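Asker: Next come the chains, spelled out residue by residue.
Number of protein chains: 2
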Amino acid sequence: MSKIITINRQFGSGGRELGKRLAAELGIAYYDNEIITQIAGRSGLAEEYVNSIVERKPIVYYPITIGRTFLAHTPQPLDFNTQIYTEQHNIIKELAAKSDCVIIGRCADYILRDLKPFRIFVYADMPSRMERCRAKAPSDEKALTDKQLARYIDDIDNERSDYYKFFTGQKWLDAEHYDLMINTSGMSIKEFAPALANMIRIKK
Amino acid sequence: MSKIITINRQFGSGGRELGKRLAAELGIAYYDNEIITQIAGRSGLAEEYVNSIVERKPIVYYPITIGRTFLAHTPQPLDFNTQIYTEQHNIIKELAAKSDCVIIGRCADYILRDLKPFRIFVYADMPSRMERCRAKAPSDEKALTDKQLARYIDDIDNERSDYYKFFTGQKWLDAEHYDLMINTSGMSIKEFAPALANMIRIKK
Chain A
16 MSKIITINRQ
26 FGSGGRELGK
36 RLAAELGIAY
46 YDNEIITQIA
56 GRSGLAEEYV
66 NSIVERKPIV
76 YYPITIGRTF
86 LAHTPQPLDF
96 NTQIYTEQHN
106 IIKELAAKSD
116 CVIIGRCADY
126 ILRDLKPFRI
136 FVYADMPSRM
146 ERCRAKAPSD
156 EKALTDKQLA
166 RYIDDIDNER
176 SDYYKFFTGQ
186 KWLDAEHYDL
196 MINTSGMSIK
206 EFAPALANMI
216 RIKK
Chain B
16 MSKIITINRQ
26 FGSGGRELGK
36 RLAAELGIAY
46 YDNEIITQIA
56 GRSGLAEEYV
66 NSIVERKPIV
76 YYPITIGRTF
86 LAHTPQPLDF
96 NTQIYTEQHN
106 IIKELAAKSD
116 CVIIGRCADY
126 ILRDLKPFRI
136 FVYADMPSRM
146 ERCRAKAPSD
156 EKALTDKQLA
166 RYIDDIDNER
176 SDYYKFFTGQ
186 KWLDAEHYDL
196 MINTSGMSIK
206 EFAPALANMI
216 RIKK
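Just so you know, the sequences run in chain order A and B.
Take 16 as the starting number for the first sequence in our numbering and just add one per residue.
Take 16 as the starting number for the second sequence in our numbering and just add one per residue.
These are calculated hints, taken from the structure and not from any lab test.
Careful, some of the hints might be misleading.
Because identical chains share one entry, a pair is satisfied inside a single copy or across any pair of copies.
[Stated by the list, open to error] 35 Å max Cα-Cα, derived DSBU-like pairs, lysine-lysine:
{"no.": "1", "residue 1": "113", "residue 2": "162"}
{"no.": "2", "residue 1": "151", "residue 2": "35"}
{"no.": "3", "residue 1": "162", "residue 2": "35"}
{"no.": "4", "residue 1": "162", "residue 2": "218"}
{"no.": "5", "residue 1": "35", "residue 2": "18"}
{"no.": "6", "residue 1": "108", "residue 2": "151"}
{"no.": "7", "residue 1": "35", "residue 2": "218"}
{"no.": "8", "residue 1": "162", "residue 2": "131"}
Source: prediction; values computed, not measured.
Take the sequences, apply the hints, and build the full model.
Answerer: The following block contains the structure:
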């Protein structure tokens, strides 16, 4: 049976580390930023721009001058969003069809629902997420106060949650959309990943 | 380090089976209906009556005749509820102090929070829960139509959720109160329990 594993994750919870380790344990592909690179390649949009849009809720600007037809020819932000989501949708389907894999975020759990992926949600309490961020963050994020960092983490998660809701109609944190929800607070992901891989081998 | 495992579970999701198997794998005690028996013994209330109250939200009857002091001497349903919750609270604390154990439901995750138990929530989709109920149910439950059974399951879970909210102030289904949330739909709990036991050995 195929092994497609999707991982949604709170920012700073170690979802990517868990995903990479799971993929290594199970000997399957791992996709994260590779998807962004491919979208940029296909859409002709800059990688940085794609990255700034993906997993953020589209902002819909209502044209003030509705009825002035020349506006129809100017690409609006929502067009780019939809274009990127469509490319992402196609790329994720192609990757999953090609081989077993772990895919991080990007509504892959919803896009691939017909393949019955093993759907994981990774989360952690705020102190653990802050600690992980500080250990891994670029220097400008390190300069944030605790309060600013907590706010920054919450903002990113709210964007992910809104994005997920917008494109799937589902709530990001609803247990019913997942097979397993894992709280990584105080956990060694390195030690935990092999045990989880065993569990997934059994469940599939 | 101590191994206290608490399991909250949707009705029909296999939480008890998982709990029993985990306790066997880890070689620790398992507490479920034993708690009811002890409450009954200590409170002098019938076991059946205790069972009908535990994990149901207390119903508060407001006396219509407030101010008539003789009412203060008549035990009200809320008194029994509080008495039972208090006994339960004490018994769960005593059991956890005595030895490592698995405790099913009864707000044990909240009551024992200072001991940092490993907190599991077990759930499943409705078809899986109905199948499990039909396989294990007494004959009168077997006579229910699918619609009636789904309603019955939802009613029990609503009661558990209300009870939990009433005594802990927390939402039953909030991921942040758990270390692991497991969807048992289509899963062999017998095969899964040893892998989970390994994971818990690592995390503690």
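Asker: Output the indices of the hints that this structure fails to meet, ascending.
Answerer: 1
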